[in-house]
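Peer 1: Each chain, letter by letter, is given below.
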Amino acid sequence: MGDYTADEMMTVAASRALDSSDVCFVGIGPPSAACNIARLTHAPDITLIYESGTIGTAPSVLPLSIGDGELCDTAMTTVAVPEMFRYWLQGGHVTIGFLGAAQIDKFGNINTTIVGDYDNPKTRLPGGGGAPEIASQSQKIYITMKQSLRGMVEKIDFFTSFGHGDGYDHRERMGLSTQGPALLITDLALWEPDPVTKEFTVTHLHPGISRQDVQDNCGWPVKFADDLAQTKPPTDEELSVLRDLKARTAAAHSR
Amino acid sequence: MAEIIPLQDAVSRHMRDGLCVAFEGFTHLIPHAAAHEVIRQSVKDLTIIRMTPDLIYDQLIGMGLVKEMIFSYAGNPGVGLLRRLRDSVENGWPHKIALTEHSHAALANAYEAGAANLPFAMLRGYVGAELPRVNDQIKSITCPFTGEILAAIPAIRPDVTFIHAQRADKKGNVLIEGILGVQKEAVLAAKVAIVTVEEIVDEFEAGSNATILPRWVIDAVCVVPGGAHPSYASGYYARDNAAYIEWDTIAADRDRFTSWMEAHVLSASPDDFARRVAHLANPTQKRAR
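Chains A and B, in that order, are what the protein sequence lines are.
To convert, take the position in the first sequence, counting from 1, and add 136; that gives the numbering used here.
Quick note on numbering: the numbering used here labels position 255 of the second sequence as 239, and the sequence is numbered without any gaps.
Among these hints, one or two may not hold up.
Distance windows between CB atoms, simulated [claimed, not checked]:
1) A:R347 to B:D232: 33 to 39 Å
2) A:T371 to B:E183: 46 to 52 Å
3) B:D(-7) to A:R379: 49 to 55 Å
Calculated directly from the structure, the hints in this document are not laboratory data.
Predicted model, so just to flag it, every value in this text is computed and none were measured.
In this text, a Cβ means the ideal position worked out from N, Cα and C, and glycines have one as well.
With the hints as constraints, model all of the structure from the sequences given.
Peer 2: Structure follows, in structure tokens:
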């Protein structure tokens, strides 16, 4: 197929981070696409959980919301929302929480609540939903988002969910035993936290992307790994599965 | 004890200005028809509770009926933001409402605490999150056994809870199937519970672990086919995703919103919902995998 978009590269790269043993709490939007591509390619036995209580779901089209009927109809089981958060998430059964973000900082702290001041916001965003506890209770967190100067900022306007805080051992000092943000997948690069400082560091550039491209779309001075590598381009299979899924989804959501 | 009565009567009998009301349904089974009836009867100064405010709270807020909203995710799922809510919070149109904001885990726990007749809920929540700074209803409690500090929030006890469900029987017992959300908890936590249903049947033919709300925890059952639209009722009709997408442009403009509400809510009745789901009546089936 050869040609692909930056968006497709992001979704495919995110899907590769998952495997069949994962129990993944799926955020809506880009995370949902990535998780389902994983399920439809190399990770057929992955357990996908949406916060509406659907466990082990296998939708044939991407849900518009976290509670579309398709999710329940194809789920192994569906539980009530209090049980979802109490037994399954707080109970420690989720290996990966897969989140999107409106704003993120270099330590993987996320804002989806407001732009500006909380009481007099410039923009009122939807808020956290399940994210504050997904971020603290999943064994680790993957984040996927498109890069932009507005989205990747030195200082987020609101701590909707806690990533690595100020870095270093901040999570441990907060009493958290889970790993926190472990991978950031953007449309330009793969980022992993530095083992010591926990600052997100670019480990892979997507094909055709330069260091300057990454820096031009990021609001903090970007650190690059010494052994910086290149992401493998999407395979023909990955691209065709992704495009088929998107086409089915577009047809299903139109009148 | 459940009375089977028209929705107009249930709302006029149980609702009044200033009450604290939950309209629950987690994406699935959202009680749109009930909220529209409340809007038509112009019940004001409401404190509204919902995990995911969705279109019905955008509509209640835009019509100026809300004083305060308690919530945990105020978006149009998969589409974007709630534009009437934004206009209220950012520009004070038609007036500025108070927000009490939680996480999903906290609000789900708070409903459960209400159902369990406890004064508060506790969870291992809000760690490192900023909401406790802006919501004084989020406090902490120390475990008397381990010393661990946990988040505590007040139980939710609505004056009135509205939910939508698939079926009731002739006595007024109610069956819910599919995504259950927090409806059972919201009903058991409330002083008054009003349930709209797709239909009334002779027998449920449900399994022994089915989610059934007995008629003695419900005050009114109202038959409103299609009453969740544009949300959905599993087994009856699918979610009208196109309507959710369209709402984004309707709610973006004050005049367009006002004329839409006039045409589709103020000049409409509960009987109009059946027609709105006719093109969606494609019962989903539990599929073999």
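Peer 1: Confirm or reject each hint.
Peer 2: For each hint, the structure was consulted:
{"no.": "1", "hint": "A:R347 to B:D232: 33 to 39 Å", "verdict": "holds (37 Å)"}
{"no.": "2", "hint": "A:T371 to B:E183: 46 to 52 Å", "verdict": "holds (50 Å)"}
{"no.": "3", "hint": "B:D(-7) to A:R379: 49 to 55 Å", "verdict": "holds (53 Å)"}
In summary, this structure violates none of the numbered hints.
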